[in-house]
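For the protein sequence lines, the chains are A and B, in the order given. Our numbering puts the first sequence at residues 1 to 62. Our numbering puts the second sequence at residues 1 to 141.
Hints listed in this document are in silico derivations from the structure and should not be mistaken for laboratory results. Each hint should be verified, as a subset may be incorrect.
To be verified - Pairs of lysine-lysine, DSS-like flavour, derived with a Cα cap of 25 Å:
| # | chain 1 | residue 1 | chain 2 | residue 2 |
| --- | --- | --- | --- | --- |
| 1 | A | K37 | B | K139 |
| 2 | B | K71 | A | K37 |
| 3 | B | K43 | B | K71 |
| 4 | B | K140 | B | K43 |
| 5 | B | K43 | B | K139 |
| 6 | B | K140 | A | K37 |
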Amino acid sequence: MILALQLSHFSAAALFALFFSIVFGITQRNTTEEMVKYGAYCFAMAIGGLFVAGWVMWLLHH
Amino acid sequence: MAKTETTTPDAQPTAAAVPLTPIATIAPLIGWLIPGAGHLIQKRWIRGLLLMASIVCMFAIGVAMQGKVYKSNTGDLLDILGFVGDLGSGAVYFLARIMDWGGTAITAANADYGTKFIVVAGLLNVMAAVDAYHIAIGKKQ
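Start from the sequences, fold in the hints, and give me the full structure.
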């Protein structure tokens, strides 16, 4: 394998959130408007959860 | 005296049977084999392209992160589950196996993330294929 991508934990999680939010938005709702809203909601919750989890880990560490 | 109609619990309406049309069979199969194609053949162009881009990119990023592409015959239960997840990607998985892409052993955190990307790409593709089926049977627009 030639390509070896090195992503930080945050970058990897953000990309993961982006892709699964798109698929969830499209597959879990019926109209275009609902799809966009639900996709944005999933993405926001994932990124928000990422920050919360990060701060919890920081607090546990210190 | 007029006869009154009585209802019993057995008389409740049942769900109408879904006719198995050719498109209802082909759409999920094509959608599984080629991510997003189940939507594309039903002229849901934007949805199909977004699904294709998301799932293929997710799989490709997983491979580029040296994620493990599971094989079928390892015998380990977790490996079998990983294989089932990977298999959801359809042709992309077979291409990865043919080209021998991905890492063989997970030696770094980055490769572990990559492995999850590959498995989840497959699972998301299954969701997309089911969605294509729902469009084909008219359950969804």
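**OP:** Hints the structure violates: just list their numbers, smallest first.
**Re:** Hints 2 and 3 not satisfied by this model.
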